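Participant: Going down the list, the sequences are from chains A and B. Sequential numbering from 1 applies to the first sequence in my numbering. Sequential numbering from 319 applies to the second sequence in my numbering.
Keep in mind that the hints were calculated from the coordinates and are not lab data. A few of these clues could be false.
[Stated by the list, open to error] Part of the chain B face toward chain A, derived, beta carbon under 8 Å: (1) 357; (2) 359; (3) 362; (4) 363; (5) 368; (6) 474; (7) 633; (8) 637; (9) 677; (10) 783.
From a predicted model like this one, the values you see are computed outputs, not experimental measurements. From the three backbone atoms N, C-alpha and C, an ideal C-beta is built for every residue, glycine too.
Each chain, letter by letter, is given below.
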Amino acid sequence: MPAVKERIIVPDFRSSPRVDQVGIEERASRFTKRSIKKESKVEGLKLVLSMIDLTTLEGKDTPGKVKQLCYKAKHLLDTYEGLPTVAAVCVYPSMVRVAKKSLGDSDIKIASVATAFPSGQAAMKVKIEDTRFAVGEGADEVDMVISRGKFLAGEYNFVFDEIAAIKEACGEARLKVILETGELSTFDKVRRASDIAMYAGADFIKTSTGKVQPAATIPVTLVMLEAIRDYYYSTGKMIGMKPAGGISKSKLALHYLVMLNEVLGEDWMNNHWFRFGASSLANDVLMQLVKEKTGVYQSGDYFAIDRLIMGKSEIGEF
Amino acid sequence: MKFNFPISKFQNFKIRSLMPAVTKKNKKTSSNSNGVPKLKFNSGWEYAPAPESKSHIKLKDRFDLFINGKFVKPSSGKYFETINPATEEKIAEIAEANAADVDKAVKAARNAYERVWKKMPATERAKYVFRISRMIQERAREFAVIESIDGGKTIRESRDVDIPLAANHFFYYAGWADKLEYAFPGRVPSSLGVAGQIIPWNFPLLMAAWKIAPALATGNTVVLKPAETTPLTALKLAEIIQESGLPEGVVNIITGFGETGADIVNHPDIDKIAFTGSTEVGKIIQKAVAGSNKKITLELGGKAANIIFDDAPLDQAVEGVINGIYFNQGHVCCAGSRLFVQESVYNIVLRKLKDRIETLIVGDPLDKNTDIGAINSKTQLETINKYISIGKKEGAEMYQSSCPIPGKGFFCRPILFTNVAQSNRIAQEEIFGPVLAIQTFRTDEEVIEKANNTPYGLSAGVWTDKGSKIFNLTTKMRAGVVWANTYNKFDPTSPFGGYKESGFGREGGLHGLSGYLKV
Numbered sequence: 001m002p003a004v005k006e007r008i009i010v011p012d013f014r015s016s017p018r019v020d021q022v023g024i025e026e027r028a029s030r031f032t033k034r035s036i037k038k039e040s041k042v043e044g045l046k047l048v049l050s051m052i053d054l055t056t057l058e059g060k061d062t063p064g065k066v067k068q069l070c071y072k073a074k075h076l077l078d079t080y081e082g083l084p085t086v087a088a089v090c091v092y093p094s095m096v097r098v099a100k101k102s103l104g105d106s107d108i109k110i111a112s113v114a115t116a117f118p119s120g121q122a123a124m125k126v127k128i129e130d131t132r133f134a135v136g137e138g139a140d141e142v143d144m145v146i147s148r149g150k151f152l153a154g155e156y157n158f159v160f161d162e163i164a165a166i167k168e169a170c171g172e173a174r175l176k177v178i179l180e181t182g183e184l185s186t187f188d189k190v191r192r193a194s195d196i197a198m199y200a201g202a203d204f205i206k207t208s209t210g211k212v213q214p215a216a217t218i219p220v221t222l223v224m225l226e227a228i229r230d231y232y233y234s235t236g237k238m239i240g241m242k243p244a245g246g247i248s249k250s251k252l253a254l255h256y257l258v259m260l261n262e263v264l265g266e267d268w269m270n271n272h273w274f275r276f277g278a279s280s281l282a283n284d285v286l287m288q289l290v291k292e293k294t295g296v297y298q299s300g301d302y303f304a305i306d307r308l309i310m311g312k313s314e315i316g317e318f
Numbered sequence: 319m320k321f322n323f324p325i326s327k328f329q330n331f332k333i334r335s336l337m338p339a340v341t342k343k344n345k346k347t348s349s350n351s352n353g354v355p356k357l358k359f360n361s362g363w364e365y366a367p368a369p370e371s372k373s374h375i376k377l378k379d380r381f382d383l384f385i386n387g388k389f390v391k392p393s394s395g396k397y398f399e400t401i402n403p404a405t406e407e408k409i410a411e412i413a414e415a416n417a418a419d420v421d422k423a424v425k426a427a428r429n430a431y432e433r434v435w436k437k438m439p440a441t442e443r444a445k446y447v448f449r450i451s452r453m454i455q456e457r458a459r460e461f462a463v464i465e466s467i468d469g470g471k472t473i474r475e476s477r478d479v480d481i482p483l484a485a486n487h488f489f490y491y492a493g494w495a496d497k498l499e500y501a502f503p504g505r506v507p508s509s510l511g512v513a514g515q516i517i518p519w520n521f522p523l524l525m526a527a528w529k530i531a532p533a534l535a536t537g538n539t540v541v542l543k544p545a546e547t548t549p550l551t552a553l554k555l556a557e558i559i560q561e562s563g564l565p566e567g568v569v570n571i572i573t574g575f576g577e578t579g580a581d582i583v584n585h586p587d588i589d590k591i592a593f594t595g596s597t598e599v600g601k602i603i604q605k606a607v608a609g610s611n612k613k614i615t616l617e618l619g620g621k622a623a624n625i626i627f628d629d630a631p632l633d634q635a636v637e638g639v640i641n642g643i644y645f646n647q648g649h650v651c652c653a654g655s656r657l658f659v660q661e662s663v664y665n666i667v668l669r670k671l672k673d674r675i676e677t678l679i680v681g682d683p684l685d686k687n688t689d690i691g692a693i694n695s696k697t698q699l700e701t702i703n704k705y706i707s708i709g710k711k712e713g714a715e716m717y718q719s720s721c722p723i724p725g726k727g728f729f730c731r732p733i734l735f736t737n738v739a740q741s742n743r744i745a746q747e748e749i750f751g752p753v754l755a756i757q758t759f760r761t762d763e764e765v766i767e768k769a770n771n772t773p774y775g776l777s778a779g780v781w782t783d784k785g786s787k788i789f790n791l792t793t794k795m796r797a798g799v800v801w802a803n804t805y806n807k808f809d810p811t812s813p814f815g816g817y818k819e820s821g822f823g824r825e826g827g828l829h830g831l832s833g834y835l836k837v
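Excised from the complex, chain A in its bound form:
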């Protein structure tokens, strides 16, 4: 008997389970009290590396920048043996072809944002076209944004149908649905948006674009993981999770891993079902891994920078 049910009854999303803010934050803080040391730290950090969607989503991205990012994705730290590569690189649709060429025949996936990322404020046909273009250029995964305006206005059918349509346009590509939790404002709404996305056909649900604060947090990710768990129990279908934005330190990434381990368990503990959307996490993980090996922290200059670092330009801080 197959575990994935043939027919899935779509529930009334207005009655999605409620979330108690105090309770969810308390539970989230429990994960951060786990102490991850020694071999479990090394193992965890390697797993974190393998789950990273190395990301560059800037207006100023150029083919040259994307090429460098792809090289970094393949060669995180060649002097450290036995390191995994990251899971994917995540770029704008216009950069997919460049990334595809740069990554060649490696196993690293190409994720492309689409659907008028990051605001999602465009006509449906534009979003469909955006998605088809990304997939046509060679994207293995599509990161779409939901229409938060419509969602907050209570037009859940619109949001559902839009996700379903994008899923169809994705074809073979896996679809990640970005809820932009920072704009949804309550945990109840995050839960409801998660349910809509999963029932509409999402392969992954993702917290944020990285363009809105707050981006991913442990409590918000926990709400989404619990939604995935409930969906799995009612349909038999696994959904992936991708927290994105604001996860730049190894310790925090390990807390996410602890949470994943204790909420969804071992089946999700791989990069097929869990990703970190991050641009600077990889280097911190590398630094920690080297520290575990040598006992000392290296200078940041020993780790290749794969992005434009924050700093000052002539026209101000960026």
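We have chain A; now place chain B onto it with these hints.
Facilitator: Positioned in the frame of chain A, the structure of chain B alone reads:
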């Protein structure tokens, strides 16, 4: 192409036609032998041991009685051992006080009361209480480790709950010392004299703080007896009290078994008895003080109902149930040991509970990752095991997590009993262990009746998204503390105490003052 299709189009769609990307991995991992979805928590990723260091603690091999500001040998010359319940190894020898020692302690307390403490201006008294609070904070880490070694509770709890709360109690009551007339407007409150205080083994330092702090703030002197299995933090507190310069004899801490406790209760020169412990002993104490002038407060057992309604935030409710019953290995008088679940969400709640207890780590109390530590004593483990076999015999279904437990020491995996009836002993009697008895209900009236149908009345919990239901339930619960959408939350400003056989009198908050005052 039109994309605005009505939602109904999707209601019966075949998921696979839309999901071509179902991988081999997906098929393999999402089904188990019988095709029912099941989460697996025995991940290859295990947390390496993360033990809290013991190197910084200072413990004597032998502890004497703390009487009149000094550590003195017991007149019997007898000592008993206190052991680490996680390793069954001896930690230290503890003096056994007899009636002569109790008399000495009470005389010291009386002397200090009449000569110094009674006459001292309240602001001065407050300074000492503040100082004790600060000194506990300064040595919090040492206290936390000793509490975990001696009692078996996890370092996470002793570090984050017991010790900070104990310090907070002293801090809070220090503030009241010079404001007593504002606590009782129009009255002139005055102290009672010598308080005899007997505390249990589940929260050793915290209970000492609950007892000593209000007594000192209100101008009483104290003879305190910690439980025989967990005397160490109280004796470390005696060291702090000695260092703090508190006048000699104001606090006396003596150790021993039940007989020593009885000697305190029966001593004629004691004005007040404060006892926290079992209902059985509480009844004996109440009989013993009957007819005497002794004022008495009792904080006894409980069999609290935790009630989950179908509109509750279920994941948080489940977490609350876990905290309610498995906190401190279930050695909590207000533990939510009876769970009532509305029938419409029973299966979901049970599934979530089972998944959750699968992730609880049972083991070394000093490991920072341990969720459930050691059972306090061999006797207590035997009691728990006795109730487990009673539960099984009564026809309840037992579910226990599969976590490995250490070979040595006293440990018990978390347990759920389903199929429990109101008439079962596991639903009526206090077990004081990690054992949850689950029942279902259908209507509000039914659950109120069932929850109140117990000789105890210490605490209760209500889980619902609806505010009006919270108020309806909380006013009808015959329990001293009712938590809504949370459980086992303690604060020095909040009174704590029971109805019925859970005792009388309140500790904590403004109410906690009146037990130590004539008003």
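Participant: All hints, please: hold or fail.
Facilitator: Going down the list of hints, with the structure as the test:
no., hint, result
1, 357, "holds (4 Å)"
2, 359, "holds (5 Å)"
3, 362, "holds (7 Å)"
4, 363, "holds (6 Å)"
5, 368, "holds (4 Å)"
6, 474, "holds (6 Å)"
7, 633, "holds (5 Å)"
8, 637, "holds (5 Å)"
9, 677, "holds (4 Å)"
10, 783, "holds (5 Å)"
When each numbered hint is compared with the structure, no violation occurs for any of them.
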